[in-house]
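Undergrad: Chain by chain, the residues:
6 protein chains.
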Amino acid sequence: MIPEEILLRNIRGLSSCLEEERMMLPNGAGHFPSMDSMRELMRLVREVVFPDFFDKQRESTKIREYFIGIGIERLYSLLKREISHALRFNHERGANDVDTESRELALRFIDTLPEIKRLLYTDVRAMYDNDPAVDNYGEVILCYPVVLAMVNYRVAHSLLKLGIPVIPRILTELAHSMTGIDIHPGAEIGEYFAIDHGTGVVIGETCIIGNHVTLYQGVTLGAKNFSLDSHGHPVNVPRHPIIEDNVTVYSNSSILGRITVGHDSIIGGNVWLTYSVPPESRILQRKAVATTFTDGLGI
Amino acid sequence: MIPEEILLRNIRGLSSCLEEERMMLPNGAGHFPSMDSMRELMRLVREVVFPDFFDKQRESTKIREYFIGIGIERLYSLLKREISHALRFNHERGANDVDTESRELALRFIDTLPEIKRLLYTDVRAMYDNDPAVDNYGEVILCYPVVLAMVNYRVAHSLLKLGIPVIPRILTELAHSMTGIDIHPGAEIGEYFAIDHGTGVVIGETCIIGNHVTLYQGVTLGAKNFSLDSHGHPVNVPRHPIIEDNVTVYSNSSILGRITVGHDSIIGGNVWLTYSVPPESRILQRKAVATTFTDGLGI
Amino acid sequence: MIPEEILLRNIRGLSSCLEEERMMLPNGAGHFPSMDSMRELMRLVREVVFPDFFDKQRESTKIREYFIGIGIERLYSLLKREISHALRFNHERGANDVDTESRELALRFIDTLPEIKRLLYTDVRAMYDNDPAVDNYGEVILCYPVVLAMVNYRVAHSLLKLGIPVIPRILTELAHSMTGIDIHPGAEIGEYFAIDHGTGVVIGETCIIGNHVTLYQGVTLGAKNFSLDSHGHPVNVPRHPIIEDNVTVYSNSSILGRITVGHDSIIGGNVWLTYSVPPESRILQRKAVATTFTDGLGI
Amino acid sequence: MIPEEILLRNIRGLSSCLEEERMMLPNGAGHFPSMDSMRELMRLVREVVFPDFFDKQRESTKIREYFIGIGIERLYSLLKREISHALRFNHERGANDVDTESRELALRFIDTLPEIKRLLYTDVRAMYDNDPAVDNYGEVILCYPVVLAMVNYRVAHSLLKLGIPVIPRILTELAHSMTGIDIHPGAEIGEYFAIDHGTGVVIGETCIIGNHVTLYQGVTLGAKNFSLDSHGHPVNVPRHPIIEDNVTVYSNSSILGRITVGHDSIIGGNVWLTYSVPPESRILQRKAVATTFTDGLGI
Amino acid sequence: MIPEEILLRNIRGLSSCLEEERMMLPNGAGHFPSMDSMRELMRLVREVVFPDFFDKQRESTKIREYFIGIGIERLYSLLKREISHALRFNHERGANDVDTESRELALRFIDTLPEIKRLLYTDVRAMYDNDPAVDNYGEVILCYPVVLAMVNYRVAHSLLKLGIPVIPRILTELAHSMTGIDIHPGAEIGEYFAIDHGTGVVIGETCIIGNHVTLYQGVTLGAKNFSLDSHGHPVNVPRHPIIEDNVTVYSNSSILGRITVGHDSIIGGNVWLTYSVPPESRILQRKAVATTFTDGLGI
Amino acid sequence: MIPEEILLRNIRGLSSCLEEERMMLPNGAGHFPSMDSMRELMRLVREVVFPDFFDKQRESTKIREYFIGIGIERLYSLLKREISHALRFNHERGANDVDTESRELALRFIDTLPEIKRLLYTDVRAMYDNDPAVDNYGEVILCYPVVLAMVNYRVAHSLLKLGIPVIPRILTELAHSMTGIDIHPGAEIGEYFAIDHGTGVVIGETCIIGNHVTLYQGVTLGAKNFSLDSHGHPVNVPRHPIIEDNVTVYSNSSILGRITVGHDSIIGGNVWLTYSVPPESRILQRKAVATTFTDGLGI
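Chains as they are written, first to last, in this note's numbering: chain A, 205 to 503; chain B, 205 to 503; chain C, 205 to 503; chain D, 205 to 503; chain E, 205 to 503; chain F, 205 to 503.
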């Protein structure tokens, strides 16, 4: 047991609100989406989108349909509940008030699933076409972190466009934690999108990415700077790059600001790029120098 | 069943100690902290530090205090047990010998919790002020990997200063695994510290970081080289950078060695910096070159 | 409940095969290794390889042998089952057909365990010798992500050499997800291999790495480009670097293409290297430039 | 896979409603209390009622209060939700309709907890006073099935008196399954009630039991017969015995019908009693007969 | 650690086969059904038989069919695997040898499910008609132990008739453990069968029970004695009672031997009956005696 | 949330100690054995005693020994910890004080395991010889509740003889809850003991039972009455029956008081026996009477 004096001193220290803390207290009534539900949500999406890769028994057409039907039903019921928490997160609204809205939003999301599926298959295809080390699609779907990241991103993006708060960001952060790939749900990404290896990739909120674009690990599509509003909070304006069709960016390059990388360009690795480049550009870091020293890095 | 000959051959092969293995055998009696306990420890810390963000029912002041009180009690009892394992890890000491010491250390840690909380709220504030993509604090606390990394680091740093072995490093590696942010518990970090995206950030053991510092993904604050002691093991001396107040370092830059980055400086991305720079510096990578080629990267 | 019309529309949308999907359907009969089994497999390997670091009771030599014996037995029985799934993944083969083959392959893997153990102890030694922040081996084995990554890689590499499909890649991707270190199971890596921090490291399929090589976080040993076969799929040829003995590569550098980095070389950080360098080279990024601006990054 | 013909035949056979089934379909909308919640509910009740026996750390008065406070809060929130399901079980009512009612009922139940606690301590005392084999109260509270049965019964009885459907019966059936003691929540039972061993005890819905009553295993306090209403369903009238104060009933006796066993009576074992007996009665089975036979039971 | 001498002594003591043990060693190759699978099997059966009582979302006819379809598919796949273990339990047979047989038997069981369902609804109806304390069928299905016992019995009986070893007995013992009702899978039981309270009911292997029979708690339908075969093992012949239609047996009565209780009879409680009785009999225990004594039971 | 007034009222009501409660507060420091550990303990005992029936891979003699060795080691380490809790339950003793004693007691228990195993195999044999419905030993070991009850009893009896408090009773109550068989750990039971069906069997603390005794369900071997000590607590003296060799007792009979049932006797079912009977007795309930009535039980 903690001596009572030490216990009470620290309860007091921890439960009396700090000034910073008071500023951050949520307005609503302690509603936030549950992490476990978010993981379950994504599991269900993967099951309905790749039904042949997540259960060993779905060979008969009949049973395949059954699984998809039940998957959709579960997904709907889970999503409706979590949306209702999200709508009350940081907003003082009653349970009844958000009920119809949650139901409506969940149904509208369900209707985007076939298109999400179509896009994801183009991403799998792009990864396969890009990697000499793989000779079947199944390995891509089962093992490649980019697939996990893209499923979460495409679902999060769809939810964000429906105006649902908080959930989209949680979904992309789940993928970020598992893959090291951090795609903001607000980014717009075209078809046949590939990321190889992926660790350290960052794609900012206002990025616009065309079709057939490929990124390697450590690539940042970020902001260069931002202005502050009158409360000192940064203003949310378009501030990330536009990447046109058929662009490839090699590992660890940073492309920053509202610039445009023209179609069919190749950006080499470890490049710091803060200005627009025309279509079909080839951009490389300056050649490194050979030097001499004798001990350790010895500079 | 494995044929008995193959089984016995490999049991022999695996259980007879290699020369390297013998050198590494722990001195103590098989005591090491449990990973599950480490995760539970951090869950409890998050609960007492952000009580309004981890349980849906803590609205009444009374119950809020109760939860914090029980959280502290559990934290204490778990920590005491794990400290006693850590004290015996690699040291031959008896159970009774470490008992009083573990108790004492756990209590002293409890007394640092209110200050840890205060610092963490400054970090949350810094992240919020830094990110145009967010419009409420709750989203930062719930979703941002930097918050998870900083809670683990600030707890680990506090435990390290109390002289507790092994546990601090396990805590920061847990955060490393989940966020890609690797902060050594020995680093000194001031208030209002922000890391955006975070994957690939490395902050070395002897770093000293001021207030209001912001890092982006992939930034390394590392060592350049080190000398060896008479056993060939590297000597542990100050060897990582000092970053003064109000510095920002952009993505993928490496700042190495016991150098000083003066206050109010900005270090651009993808920079390799191994010398001190004065206050208010602006350091950028040399401009990349445009080139021409026709097939693949084709250099 | 979802209104029946919406439900049926989306079941139809999701269960009718897309053109891309049809192309990707696995040939075999829904057989793929289970993720949970893969995690259990690696847990068993760690237990037999580091028996003194994963159970608090294995002090007596007798019981140590018992644990290793049972660990091997479990490992064998689990691996045999998963290999039989892997052999049928994407290939139409009957259960009896693969039974003997799976048994044989699992036994041959068991016979490689003592050598895998020997190599891993050299890796632990290399990490220890490389890090001033650590003063005992136990902390390396328990906490360092590189150890987890190397156990998975060395097992995966051994399985790949036996011709077992899919499983090797899943094992290295598991480590990738937990450590941010992405080593292709096809790479050849010598003794005493160290990776510090590790997040963002990528080691490609056809890399050849000598003894006593050290990499830092964010290093890519990758391919520069590749040719396509007549179906438009890239050709799998040697396309990644050869790193000779005693080379160190600092953080965030990219070394690309079938080039050779000569022995005893040091490659500095943030370097983009696409040509061979002779033994004892020292390669550094060109010095960054100091500049002046007044607001944000302000370029 | 099941051949499609067999599959469809049995789906049809199982999903087309039988005549009996149609009669039994619930009126409401698939709402029923969850078994896991029922178990958690009883765990919480035991924790607030016996706080010193279910957690190893509640020694300090302060922390003891905290645990009880949080236990009550959790209990309330769980009970409110389950009551709202119970109110809709078999009744077509909307979510909003039952909301206020559930809240109200849960609060009224909370207010009965101190009296439930008082009664339970009299029961523990009665068991202790009755059993030569035990020498401390802790063993009674931790091990004796009657304690588990009485906690569930006293909670169920309290909920039933508040008019809450379904839940009371589930709670007593949970205890029935674990202890073999089947007490209908409708029974009225006084203070200091003891059941020894308990397996096979049945106490019917309209029983009235005084104070200081003791039952042994296999005792039935049941109904003798019942009349049917116009739909052929049995009429629910007082039909079980009244047992006055200070009565003991020995093992396997059946006491049936709306009869009265007068105070201070002793009913021997294996007795079939269907008529009232005056106070201070002693009732025994007729003496068994000795007989002779040679093989097995040989009658 | 156990001192090595004590450890080895007891390993020897426990691993060297006793004479009794050697006699009992199974002939087959360590194959037996898994308890977890048996529980899952029964969960699946309850789901397809009472689809409206085990999932909150099965309102739409379409989704109801889907659930039943998937339930049957899972049940089949699980049962097939467990039957193959059961067929090898105590019999030396190869994996391929039992494969077709298991598949065949599992399919034949699936075809009995609609009839099992029909019978179970008659049992629920009988319980409802028998109990004044209940006013809806849902409560019977959710709470009454007899329902659990009858589902397990009717499935076990069906499997036994198909000649499947071991599994039937495990299923009825699972129900026995949870309800105290012990029905041998070999017994023949008609429609509309009711058991009230149930603890202690035993129904022997060769019982034949008609329609509309009701038993109360503690009733034994057992054997009186048995002859031994030449190895001293008892001979398995008809040795349990025949209970004709419309019979009621009250609590704790024992009816033993191959006797017949004629239709429309009532057997009172606590009766020991070892001879046949004609239709419409009323059998009661002799009236207990009132006696006098002064202290405890005082006989 | 509960309104604060109601919350505080009930916290007060529940946390202020009742008079009865104060009397029952444990003396020691909140130490009691954990239920989960008790279950794990018995699982380990079953594994070392019946190694061929609880793991599918123990065919090789070598591996069989390994499993038993590790089972014993785990059992010892778990038991030592739980004994140390039990020794402090209700007794104010320090951690160090009980440490050596717990270790000693656990080792002495380990040394009784081979004899416990020998006895259990005689019990399995007795059940097999007694039941015409079974034709292999494996089914007895896997399914029969008496086996579970006897394993728990024989272990509990052994621990009780070593003077270990609380744990023995918890173990037999665990078996009681799962099988309905309630054997006090203090009872002395010989070899080849059989209980058929078992629900409702009660065997009191001071029973002495010979070899080759068989009981049926619902049999009570109980106490008739007891005297009180000066504090009103019943005196613990021999008060349960002595059952000599080769006795069979049929279902639901109660045998009460310190009487002797002579060897080779048969006691029929539903008998109430409170006096000694000589060897080779046959005792039967008086014959029930046939009566007439027309409606329900209608007496």
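Among the hints, erroneous ones may be present.
Given that identical chains are not distinguished, each listed pair holds provided it fits within a single copy or across any two copies.
To be verified - In silico EDC-like pairs for lysine to aspartate or glutamate, Cα to Cα no more than 20 Å straight-line: (1) K365 with E395; (2) K365 with E208; (3) K284 with E395; (4) K365 with D339; (5) K365 with E305; (6) K266 with E319; (7) K491 with D339; (8) K491 with E208; (9) K491 with E308; (10) K284 with D468; (11) K365 with E225; (12) K491 with E223; (13) K491 with E269; (14) K284 with D303.
I should point out that these hints are in silico values taken from the structure, not numbers from a laboratory.
Undergrad: Could you figure out if K284 and D468 sit no more than 20 Å apart (CA to CA) within one copy, between two copies, both or neither?
TA: For K284 and D468, the Cα distance exceeds 20 Å both inside one copy (42 Å) and across copies (47 Å).
Undergrad: Give the relationship of K491 and D339 under a CA distance limit of 20 Å: within one copy only, between copies only, both, or neither.
TA: neither (35 Å within a copy, 39 Å between copies)
Undergrad: Checking an output row: K491 and E208, CA cutoff 20 Å. Within, between, both or neither?
TA: neither (66 Å within a copy, 59 Å between copies)
Undergrad: What label fits K284 with D303 when the C-alpha limit is 20 Å: within, between, both, or neither?
TA: This pair counts as both: shortest intra-copy Cα distance 8 Å, inter-copy 19 Å.
Undergrad: Taking 20 Å as the upper bound on the Cα-Cα distance, should K284 and E395 be classified as within, between, both, or neither?
TA: Close neither inside one copy (28 Å) nor across copies (40 Å); limit 20 Å.
Undergrad: Which holds for K365 with E208 at a C-alpha limit of 20 Å: within a copy, between copies, both or neither?
TA: For K365 and E208, the Cα distance exceeds 20 Å both inside one copy (52 Å) and across copies (25 Å).
Undergrad: Can you tell me if K491 and E269 fall within 20 Å by alpha carbon in one copy, between copies, both or neither?
TA: Neither: 57 Å inside a chain and 56 Å across chains, both beyond 20 Å.
Undergrad: Under a CA distance limit of 20 Å, which applies to K365 and E225: within one copy, between copies, both, or neither?
TA: For K365 and E225, neither the intra-copy (31 Å) nor the inter-copy (26 Å) Cα distance is at most 20 Å.
Undergrad: Is it within, between, both, or neither for K365 and D339, if the alpha carbons may be no more than 20 Å apart?
TA: between (36 Å within a copy, 17 Å between copies)
Undergrad: At most 20 Å between C-alpha atoms: does K365 with E305 qualify within a copy, between copies, both, or neither?
TA: within (15 Å within a copy, 38 Å between copies)
Undergrad: Reference check for the pair K266 and E319, CA-CA at most 20 Å: within, between, both, or neither?
TA: neither (22 Å within a copy, 24 Å between copies)
Undergrad: Regarding K491 and E223, is the shortest C-alpha distance of 20 Å or less found within a copy, between copies, in both, or in neither?
TA: neither (52 Å within a copy, 45 Å between copies)
Checked against the numbered hints above, the structure breaks hints 2, 3, 6, 7, 8, 9, 10, 11, 12, 13 and satisfies the rest.
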